[in-house]
Structures are given as structure tokens and as C-alpha cells.
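Protein chains in written order, with my numbering: chain A, 615 to 797; chain B, 615 to 797.
No wet-lab data here; the hints were simulated from the structure. Wrong hints could be hidden among the right ones.
Heads up, the list lumps identical chains together, so a pair's fine if it works in one copy or across two of them.
[As the list claims (entries may be wrong)] Here are the simulated DMTMM-like pairs of lysine to aspartate or glutamate, each with C-alpha atoms no more than 20 Å apart in a straight line: (1) Lys760 - Glu749; (2) Lys651 - Glu731; (3) Lys762 - Glu796; (4) Lys665 - Glu684; (5) Lys678 - Glu635; (6) Lys678 - Glu632; (7) Lys760 - Glu770; (8) Lys696 - Glu684; (9) Lys762 - Asp747; (10) Lys735 - Glu632; (11) Lys651 - Glu684; (12) Lys622 - Glu796; (13) Lys735 - Asp695; (14) Lys622 - Asp739; (15) Lys651 - Glu639; (16) Lys665 - Glu770.
Protein chains: 2
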Amino acid sequence: MITTANIKNGVNVDQLVETIEHVQEQPELAKFEFRTKTNWITGGHCVSSAKSFYGVCQEDTTRKETFTMEADHPNVLLGEDKAATPAEIVLHALGSCLTGAMVYHAAANGIEIEGAEASLKGGADLHGFLGLDPEVRKGFDGITVKFKVRSDASEEQLRSLAQFSPVFDMLSNPTPVKIEFEK
Amino acid sequence: MITTANIKNGVNVDQLVETIEHVQEQPELAKFEFRTKTNWITGGHCVSSAKSFYGVCQEDTTRKETFTMEADHPNVLLGEDKAATPAEIVLHALGSCLTGAMVYHAAANGIEIEGAEASLKGGADLHGFLGLDPEVRKGFDGITVKFKVRSDASEEQLRSLAQFSPVFDMLSNPTPVKIEFEK
């Protein structure tokens with residue numbers, strides 16, 4: 615008998631169901647730790663790298679590549695415009711995470727996604743960053759995500775699937791950030 | 615008379631001071647809007663692009679390049695490991711933004727930064743993302759940033775400079791995210 619993998623939306627649904635079963639049997643499999651390192655170049659120009667992570671009760675050994683990611687600022691914000699700004703990188707992380715969460719949870723629920731595109735925007739007032747007005751926040755005052763999704767699922771279904779996104783949670787709800795200094 | 619630009623930490627301090635003065639005279643110069651578009655490839659693999667933005671009372675015309683950024687998931691999270699995960703991308707955005715904020719505000723205060731490196735980690739429990747336990751959050755339960763900075767400034771000074779970071783604010787405090795669907 616020939617069996618083929620049960621793939622939906624590019625997600626291996628058999629492996630997803632197995633993952634859920636394993637986590638239910640052995641809850642500590644679900645603990646992950648992701649790590650990056652950011653090196654300062656000059657001004658607002660930085661390069662980060664990501665490789666090692668912990669998950670499924672062990673240090674990962676499967677990832678062969680170190681991913682490098684840059685950040686800079688446009689000229690009007692005194693940068694050399696060599697890469698996207700950290701604010702745009704947040705939008706990239708959010709757009710990708712909402713999309714991935716929608717696609718994975720759709721697959722788990724037998725919902726087909728034929729195509730998806732998200733346009734994101736975030737507004738900020740530099741009075742916050744520049745320290746000119748303590749009443750103005752430093753980050754985005756809000757983010758709007760406009761999805762175009764080709765799927766038979768309803769808007770309400772797609773929204774509830776997308777909202778499983780970890781980055782959506784990290785932004786919508788406070789995420790404690792501890793800053794330490796080493797000599 | 616030959617004059618040279620007043621550069622500190624790679625930041626043009628004259629331009630920074632001018633920017634602050636202009637914003638104080640004309641507050642609407644400080645309003646920025648950043649935008650990205652995320653295109654779904656397959657599974658958890660997405661590509662985002664960033665180019666246009668609004669700031670200083672106009673649509674930007676100086677940025678010539680469209681920056682593209684990828685996201686994927688490692689094999690153990692059912693991806694093809696073609697790029698960093700959205701969670702790692704959040705750490706990259708945070709590390710770059712904290713570093714940039716520290717460097718810019720140090721420059722404005724006459725503090726020299728000779729070198730900076732930040733190691734970030736964030737922990738997550740998949741019970742949240744998988745919808746197995748509503749008590750467990752989907753995003754990072756917390757992020758730790760370890761800085762190594764070569765500077766004469768005290769740890770307290772560096773911390774207060776870094777905390778001008780917009781992305782630090784976006785994560786530490788709730789950032790409203792509105793999700794809309796278009797046909």
C-alpha cells in the first residue's frame with residue numbers, strides 16, 4: 615500500500631497532529647527558547663544572527679544555517695538606509711506570524727488557504743522617541759493589518775485562526791523585557 | 615574656515631539637534647507611518663517587503679531600495695527552515711532598536727559608545743500556540759537582553775538611553791493591533 619503525506623496549505627497535517635499528541639502526553643516537549651545576537655555596526659546600523667534554539671526537550675541540531683538579519687534607518691532618521699528599520703521589522707514579524715498561524719490552524723481544521731497577502735502599517739510620533747513629550751509613546755500608537763485571503767472560510771474563522779499568532783500576542787499584551795549588562 | 619560634521623557613535627549630532635529643533639517648532643514633522651507587505655509562500659514561509667513610508671510631513675522619496683525579509687520555521691515546527699522564525703525576528707527588531715536608541719541618545723548626550731553587542735533570548739510554551747491551554751500565553755513569556763557595551767557611561771545611564779527604544783515600548787506595553795479582511 616502506498617501512503618502519501620497529508621499536506622494542507624504546505625503544512626504536514628499528520629506531523630502537526632502527532633506534535634499535538636506528543637505535547638499532550640509529555641508537556642515539557644512544548645517548551646522552546648529562541649536566541650539571537652545583535653552586533654552594532656555604526657549609528658543605527660546593526661546585524662543580528664539566529665541559529666541555536668531549544669525545543670522538544672533538547673538543543674536543536676537540525677539547523678545548519680545561521681540566519682543573518684540587518685537593521686538600519688532611512689536618511690531622514692539619520693541612518694544610511696542599508697536595511698529596514700526595527701519598526702518595519704516588527705511589522706514583518708507580525709505579518710509573517712499572523713499568516714503562519716492562520717495557515718497552520720487552517721490546515722489542522724481542514725480549511726484550505728489558496729493565497730494570502732497582508733499589508734501592515736504602524737504610526738509613530740517622534741516626540742516619544744526623542745524624549746520631547748512623556749505623554750507620547752515611543753513605539754507605534756497602533757498597527758493595522760489588512761489581509762487578502764483566498765479561502766472559502768469566513769472572515770470570522772480566518773481572524774480567529776490568525777489570532778493564535780505568538781507575535782500578535784507579544785504586541786497586543788505586555789511582554790516583560792529584562793535588560794542586563796555584562797562587563 | 616573648514617568645518618567638519620559633528621559625528622559621534624556614527625550619528626550626525628548636528629543633524630540630530632536640528633531634527634529636535636524642527637520638531638519643537640513644527641510638531642507635525644514628528645508623525646511617521648511605516649508600512650510592509652507580507653506575501654505567503656507556503657506553510658509558515660513568508661516574504662515581506664518594506665519601502666514606502668511617511669514622515670516629516672511627506673511621503674518619502676529618498677529610499678531607492680525595497681528591502682525584502684523572509685520568515686520560516688525550523689523542521690521541528692513543521693517548516694523548511696529557510697529563514698528565521700517570526701519569534702527570532704522579534705528578538706532581532708528588539709536588539710537592533712535597543713542598540714540604536716542607546717547609540718543615538720548617547721550621541722545626543724556626548725557619551726561615546728565604542729562597541730555594543732546584545733544577546734537576546736525568549737521562552738515560549740507551545741501549549742499556547744497549539745490552543746491546548748488557554749492559561750498559557752501564545753507569545754514569549756518573557757525576553758532577556760544581555761548587553762556588552764564598551765563605554766565609560768554607567769550601566770544605569772546606558773539602560774535609560776536604551777529604554778528610549780520604540781520596539782522596547784511596543785513589547786513592554788500593549789500595542790493595539792487591528793486586523794481587517796478585504797475581498
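Quick rundown of the hints versus the structure:
1. Taking the closest pair of Cα atoms, lysine 760 and glutamate 749 never come within 20 Å of each other, the shortest separation being 28 Å inside a single copy and 28 Å across copies.
2. In this assembly of identical chains, lysine 651 and glutamate 731 lie within 20 Å of each other by CA distance solely across copies; the values are 7 Å between and 30 Å within a copy.
3. Taking the shortest alpha-carbon separations for lysine 762 and glutamate 796, only the inter-copy value of 5 Å comes in at or below 20 Å, while the best intra-copy value is 46 Å.
4. Taking the shortest Cα distances, lysine 665 and glutamate 684 sit within 20 Å of each other both inside one copy (15 Å) and across copies (15 Å).
5. Taking identical chains as interchangeable, the C-alpha atoms of lysine 678 and glutamate 635 are never at most 20 Å apart, the minima being 27 Å within one chain and 49 Å between chains.
6. For a Cα distance limit of 20 Å, the shortest separation of lysine 678 from glutamate 632 qualifies neither inside one copy, at 24 Å, nor across copies, at 47 Å.
7. For the homomeric pair lysine 760 and glutamate 770, the shortest alpha-carbon distance inside one copy (14 Å) is at most 20 Å, but the shortest distance between copies (41 Å) is not.
8. Within a single copy, lysine 696 and glutamate 684 get their C-alpha atoms as close as 8 Å, and across copies as close as 16 Å, so both meet the 20 Å cut-off.
9. With identical chains, the CA atoms of lysine 762 and aspartate 747 are never at most 20 Å apart, being 37 Å at best within one copy and 30 Å at best between copies.
10. In this assembly of identical chains, the alpha carbons of lysine 735 and glutamate 632 never lie at most 20 Å apart, being 37 Å within a copy and 27 Å across copies at closest.
11. Taking the shortest Cα distances, lysine 651 and glutamate 684 sit within 20 Å of each other both inside one copy (11 Å) and across copies (18 Å).
12. In the homo-oligomer, the alpha carbons of lysine 622 and glutamate 796 never lie at most 20 Å apart, since the shortest distance is 46 Å inside one protomer and 23 Å across protomers.
13. In this assembly of identical chains, the alpha carbons of lysine 735 and aspartate 695 lie at most 20 Å apart only when taken from the same copy (19 Å versus 27 Å across copies).
14. In this assembly of identical chains, the alpha carbons of lysine 622 and aspartate 739 never lie at most 20 Å apart, being 42 Å within a copy and 24 Å across copies at closest.
15. Proximity of lysine 651 and glutamate 639 under a CA criterion of 20 Å is satisfied in neither setting, with 34 Å inside one chain copy and 39 Å between copies.
16. For the identical chains of this complex, lysine 665 and glutamate 770 are neighbours neither inside a copy (36 Å) nor across copies (31 Å), given an alpha-carbon limit of 20 Å.
Violated hints for the displayed structure, listed by number in ascending order: 1, 5, 6, 9, 10, 12, 14, 15 and 16.
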